[in-house]
Amino acid sequence: MTQIAPSNNHQTDLEAFRTLLGKSIKLDPVRHDDALLLRFLRARKYDLQKTERMFLDCEQWRASYNVESVVQTFAYTESFQVNQVYPRFYHKTDRLGRPVYIERLHTLDVKRLFEVTNQDRVVMKHVREYEKLMRYRLPACSAKVGHPLEQGCSIIDLKGVPLSSFNQVRKVLQSLSAVAQNYYPETLGRMYIINAPTLFTTIWGIIKSMLDENTVAKISVIGSNYAKTLLEDIEPENLPKFLGGDCNCPGGCDNADVGPWNDGSVAGFPIEFWESFKDRDLQQQK
Numbered sequence: 001m002t003q004i005a006p007s008n009n010h011q012t013d014l015e016a017f018r019t020l021l022g023k024s025i026k027l028d029p030v031r032h033d034d035a036l037l038l039r040f041l042r043a044r045k046y047d048l049q050k051t052e053r054m055f056l057d058c059e060q061w062r063a064s065y066n067v068e069s070v071v072q073t074f075a076y077t078e079s080f081q082v083n084q085v086y087p088r089f090y091h092k093t094d095r096l097g098r099p100v101y102i103e104r105l106h107t108l109d110v111k112r113l114f115e116v117t118n119q120d121r122v123v124m125k126h127v128r129e130y131e132k133l134m135r136y137r138l139p140a141c142s143a144k145v146g147h148p149l150e151q152g153c154s155i156i157d158l159k160g161v162p163l164s165s166f167n168q169v170r171k172v173l174q175s176l177s178a179v180a181q182n183y184y185p186e187t188l189g190r191m192y193i194i195n196a197p198t199l200f201t202t203i204w205g206i207i208k209s210m211l212d213e214n215t216v217a218k219i220s221v222i223g224s225n226y227a228k229t230l231l232e233d234i235e236p237e238n239l240p241k242f243l244g245g246d247c248n249c250p251g252g253c254d255n256a257d258v259g260p261w262n263d264g265s266v267a268g269f270p271i272e273f274w275e276s277f278k279d280r281d282l283q284q285q286k
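With the UniProt record's numbering applied, the sequence shown corresponds to residues 1 to 286, in that order.
Everything labelled a hint here was simulated from the structure, so no lab data went into it. Ideal placement from N, C-alpha and C gives every residue a C-beta, glycine not left out. Be aware that a few hints might be false.
If you anchor each label on the Cβ, the simulated ranges turn out as follows [said to hold, decoys possible]:
1. PRO162 <-> ARG135: 23 to 29 Å
2. PRO250 <-> PHE80: 15 to 21 Å
3. SER224 <-> ASP263: 28 to 34 Å
4. GLN11 <-> ARG112: 49 to 55 Å
5. TRP61 <-> GLN168: 39 to 45 Å
6. GLY160 <-> ASN182: 26 to 32 Å
7. PRO270 <-> PRO197: 37 to 43 Å
8. ARG95 <-> GLN168: 33 to 39 Å
9. GLN11 <-> ASN83: 43 to 49 Å
10. ARG121 <-> LYS228: 35 to 41 Å
11. ILE271 <-> HIS147: 27 to 33 Å
All chains, full assembly: derive it from the sequences and hints.
Structural data, given as structure tokens:
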């Protein structure tokens, strides 16, 4: 894991939290590094008791959900069909070096989605991707910029999403956002919701109620004139052409999954295991 040095202000909090946790569980010096503990502390505003509860709940969830088994063996055999109705992917980095995650919701048809998969498997794929982000993508991005990174940048494209679909879409996103907030806190650095229709303001008010205030502060809702804003944070060559950038990956940016983790720019990357997920999904589909 990438090490994040705590500020002098919170070194004491970190040490106190580590001591407190040591009374309840055996800490893994590799997985339970400073970066992980600090993210949980920030999520609960450095309240030790609240942070301990959140952290122990997460550890219990990881054990009961068998997260490591998901990473090692889960095959999303329906990935091709799902990507037709719910395309989401990583694509290069922003100007700070953080991985950029993109969701294009214009094709998200919840009825069609659940004809080829189910809610449990959608969440399982989400968990596998979060583990890949934390253990593979972010370390590669950190090595590329020469200092620790622990957050990403997200773009949610609402172009063409009918307002009549938002309630169904909200239910899907709600379960995924709960996983992120409860078990992978403080990993969102910035989010842009683009092509938001005028009436989205009402729906956004509902969505905000599902999120904590720290997350809401990182989210910008923009209409169709979003390109200039995105380009302030993302280099043109790193932003897909369909979002106002210059990138046009062979086979499509939404299929490329390209970044410091696999573009050959960082020593020690790519790593075969983490790159094998796509092949695992395809092989077990046969």
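Going down the list of hints, with the structure as the test:
1. PRO162 <-> ARG135: 23 to 29 Å: Violated, since PRO162 and ARG135 (Cβ atoms, about 37 Å apart) do not stay within the stated range.
2. PRO250 <-> PHE80: 15 to 21 Å: Given range 15 to 21 Å: holds, Cβ gap about 18 Å.
3. SER224 <-> ASP263: 28 to 34 Å: Cβ of SER224 to Cβ of ASP263: about 31 Å, so the range 28 to 34 Å holds.
4. GLN11 <-> ARG112: 49 to 55 Å: holds (51 Å)
5. TRP61 <-> GLN168: 39 to 45 Å: Roughly 26 Å apart at Cβ, these two residues miss the hinted range, so it is violated.
6. GLY160 <-> ASN182: 26 to 32 Å: At roughly 31 Å between Cβ atoms, ASN182 and GLY160 fall inside 26 to 32 Å, so the hint holds.
7. PRO270 <-> PRO197: 37 to 43 Å: holds (39 Å)
8. ARG95 <-> GLN168: 33 to 39 Å: Taking Cβ atoms as reference, ARG95 and GLN168 lie about 35 Å apart, which means the hint holds.
9. GLN11 <-> ASN83: 43 to 49 Å: With Cβ atoms ~44 Å apart, the hint holds.
10. ARG121 <-> LYS228: 35 to 41 Å: holds (38 Å)
11. ILE271 <-> HIS147: 27 to 33 Å: violated (21 Å)
Violated hints, listed in ascending order, are 1, 5, 11; each of the other numbered hints is respected by the structure.
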